[in-house]
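Peer 1: Residue-level listing of the chains:
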Amino acid sequence: MDALRPYAAAFSSRFLLMMQYRAAALAGFFTQCWFGAVHLMVIAAFYLGAPDAAAASPISLSQAITYTWLAQGLLAVMPWIGDPEIADGVRTGSISYDRLRPVDAYALWYVRAAGWMTARLLPRVALMILAAGLILPLIGQSQWAWQPPASLSAALLFALSETLAIALACAIIMLINIVVVATMNARGVNILMQPLVVIFTGNLLPLALYPDAMRIALFVQPFAGTLDIPNRIYFGALTGQMAWVGIGLQVFWTVLFIALGRLWLARVMRRLEVQGG
Amino acid sequence: MPQILVQDLAKTYRVAERDPGMLGAVRGLVRRRWRTVEALKDVSFSLERGELLGFIGPNGAGKSTTIKILSGILRPDAGRVEIEGLVPYADRVKHVGRIGVVFGQRTQLWWDLPVIDGFDLLRDIYRVDPQRYKATRDELVAMLRLEKLLDQPVRQLSLGQRMRAEIAAALLHEPSILFLDEPTIGLDAPSKLAVREFVKKLNTERGVTVLLTTHDMHDIEALAQRVIVIGHGRVLADSPFEALRANVLAERRLFVDFAGDAPVLDLPGVEIRRRDGRSLELAFNPGVTTAPALIAAITARHAVEDIHVEQPAIEEVIARFYDLHGANEA
Amino acid sequence: MNALALLGRYFGASMRSQMQYPASALMLTTGQLAATAIEIVSIWALFDRFGAVKGWSFGEVMFFYALIGISFSFADFLTRGFDVFGSDFVRTGAFDRLLLRPRSAALQLVGHDFRISRFGRFFQAAIILIIATGSLHFVWTPQAVLLALWTIAGGIAFFSALFVLQAVMAFWTVESLEAVNALTYGGVYAGQFPLSLYARWFRTFLIFIVPLACVAYFPVLAILGRSDPLGAPDWFLPLAPAAGFVFLALAFVAWRFGVSKYTSTGS
Chain A
1 MDALRPYAAA FSSRFLLMMQ YRAAALAGFF TQCWFGAVHL MVIAAFYLGA PDAAAASPIS
61 LSQAITYTWL AQGLLAVMPW IGDPEIADGV RTGSISYDRL RPVDAYALWY VRAAGWMTAR
121 LLPRVALMIL AAGLILPLIG QSQWAWQPPA SLSAALLFAL SETLAIALAC AIIMLINIVV
181 VATMNARGVN ILMQPLVVIF TGNLLPLALY PDAMRIALFV QPFAGTLDIP NRIYFGALTG
241 QMAWVGIGLQ VFWTVLFIAL GRLWLARVMR RLEVQGG
Chain B
1 MPQILVQDLA KTYRVAERDP GMLGAVRGLV RRRWRTVEAL KDVSFSLERG ELLGFIGPNG
61 AGKSTTIKIL SGILRPDAGR VEIEGLVPYA DRVKHVGRIG VVFGQRTQLW WDLPVIDGFD
121 LLRDIYRVDP QRYKATRDEL VAMLRLEKLL DQPVRQLSLG QRMRAEIAAA LLHEPSILFL
181 DEPTIGLDAP SKLAVREFVK KLNTERGVTV LLTTHDMHDI EALAQRVIVI GHGRVLADSP
241 FEALRANVLA ERRLFVDFAG DAPVLDLPGV EIRRRDGRSL ELAFNPGVTT APALIAAITA
301 RHAVEDIHVE QPAIEEVIAR FYDLHGANEA
Chain C
1 MNALALLGRY FGASMRSQMQ YPASALMLTT GQLAATAIEI VSIWALFDRF GAVKGWSFGE
61 VMFFYALIGI SFSFADFLTR GFDVFGSDFV RTGAFDRLLL RPRSAALQLV GHDFRISRFG
121 RFFQAAIILI IATGSLHFVW TPQAVLLALW TIAGGIAFFS ALFVLQAVMA FWTVESLEAV
181 NALTYGGVYA GQFPLSLYAR WFRTFLIFIV PLACVAYFPV LAILGRSDPL GAPDWFLPLA
241 PAAGFVFLAL AFVAWRFGVS KYTSTGS
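Protein chains in written order, with this note's numbering: chain A, 1 to 277; chain B, 1 to 330; chain C, 1 to 267.
Isolated chain A (complex conformation):
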């Protein structure tokens, strides 16, 4: 147990630090509401305007609405950028201390990223559920509301899948971190991540709404595991065997990215040592 202490401490200190930022949480929440509302109205306009929307789309409007709220509520899980603390460390040079500590640098950064992410996630998602899941139905707007999971089994599978989504997103953030350390520059890779995340996670548009020919490719690519797969499990569009295939994909990408990240980080750190950076 003692061996885990530094990691637990790294996680909770980062978590507690981030939890202090109340104004940022509120700002994030309003932003999510704003984006959610715009997305809903645009998607609904297409659905309601099409002569035969039910045939045109593999998911229903109500599912697309719940998908949109999930995408906004879980916005903090998306691997938009590397951990800013790592970028700061690169700029100030304090990153070299992490080489000197008797801990596993990959694991330490991973749990720090997880603390950073979950602390931003929890208050925002709680507020979103309150606003989109409870208040909207109460004021008679239930057609726009965030619906509860399709069934109990969907809820349980979603809990598992969302946990894996966080694990996968942290593994992706670690890859970004390593690029930041290797190139000594955070801006470039962060800019490149935005379009990938916004499209391939399903954040901008549910992946199911892209042309049908792209469906399989979009399903097996790694970003689907951070949002699209848990979402579809949530509202019951991915059930039974297909749900387990989705979860299997999440596990596969997470394990692969962690393994890649560990190897790569070790190499980058060795190079830093040689340079005395």
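Calculated from the structure, these hints are not laboratory results. It is possible that part of the hints are untrue.
[As the list claims (entries may be wrong)] Computed list of lysine to any residue pairs in SDA-like fashion (alpha-carbon distance at most 20 angstroms, straight line):
(1) C/K54 with A/L61
(2) B/K41 with C/T263
(3) C/K261 with B/W34
(4) B/K200 with B/G160
(5) B/K94 with C/R256
Once you've looked at the hints, dock chains B and C against the given chain A.
Peer 2: Chains B and C in isolation, oriented as in the chain A frame:
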């Protein structure tokens, strides 16, 4: 009318407090507890043109709050500041055009630009007449030996080189008052000496008023004619430096190495500070007993191998002073 | 030296420092181009699946998209200092440095940095505009060009105001508000679609509170020579971008309030 007049300055901050642990963090999201911190309670002093004032005190004593108010970027809750007839925070833009400020740990130059380009930008920002600018710049460059650095990007300069460039940058518009906040922090010994020498010259030859905060007491010793000690948001002392040293720590040290084990001594007005085998460190008040008398008394009774007298180090003087005023509790 | 000439100096300095890393500047520009280009894919996907929406074609939506993108890229170019205000100025204390200079802080923030990479979005939007022109068989009369320039000017003012408001928030919270960043990007996103797609309360919001529609929807209708299906009078359409300037003025009122809060609390 003094150049700088500070009367009854007070400033209170509100700081958010968090309960410990995970639950505390969650609670903090919903309801915040605030604690008020009195950074300044009652600070008054005045400064004549051409003075060189050292401003010292432990961390959190109110030094930087005072400097911020004097430089116009912070508004006090109560009290009055007037600098050359202006209220700094009310006439900020006008006021800051007349002062120069150097922060030891922050740069005002442009990281990726050559030093000279940064200077030129400052010329335009401060609306300095181009002829006048050129003369001032060349003079500063010569005095601070910046000739070889001018074409280098700031990021390539060493800390000492950068500090010299920073000081020049703060003086391009020929301010009549210079605020130096920890100007020698982190510098190597030659750079420290160069900075001190320059500041001294600026003050004596140009009559620029200098207000210096520092943790390095050697800066104070080398530069300041007058020292203000601040603690707990109040002025604890305001006097010439030598007077401070004499009053605060009217104490000398006597180091004695005995031939055998150090004896038990009982002399009036003498305190044993340290005992280590055959050596003793004694503290005495020169007003009560003198060094020759003390040495005579000891050598008369004990076999002594070596003996010498020291003045306490200046850090110690200050530390002692803080202790006396309870300024260190914070 | 007057403010405009000083901005010219700042501009030169900013270009010189970015040109120390030309490869990086080029990469960031291309990155921005790619980042923004991919957004249009999702809009295309919707049209591909559902067909035209409430009488609007993909070509027309591209037109909205392009003008908004051009306005935004310029605003982003001019107000970088406000964009990074929380993280690079308030949190680090560098804002004190600006206050110690005898110029308005806002002017210095505009001059802080001009990112070349913002032209990535501009190029992308310009390309979309060309495609949209082709697909609508649109003819650029001198009148349309002038109107487009006026629309872009209003749009620049509008988005600059959003960046200023984002900076104002940093006076109340020290966390880097990359989340708030999304408000500006959210504006871009909302402006890409015709106003008539939105619910009534949201339309009211986009006209009267955050007047995005005034720098996008209304003037673009005037450029395209369409009447507003929602019934805004035709004479109003070309005048609407003025609202962007009013919004910017209000943002600066909020800014002054924030600065005075900063100088009275020191944080």
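Peer 1: Indicate, hint by hint, whether the structure satisfies it.
Peer 2: Quick rundown of the hints versus the structure:
1. C/K54 with A/L61: Given pair C/K54, A/L61 holds - Cα atoms ~17 angstroms apart, limit 20 angstroms.
2. B/K41 with C/T263: 18 angstroms, holds
3. C/K261 with B/W34: 17 angstroms, holds
4. B/K200 with B/G160: With Cα atoms ~17 angstroms apart, B/K200 and B/G160 stay inside 20 angstroms; holds.
5. B/K94 with C/R256: 17 angstroms, holds
When each numbered hint is compared with the structure, no violation occurs for any of them.
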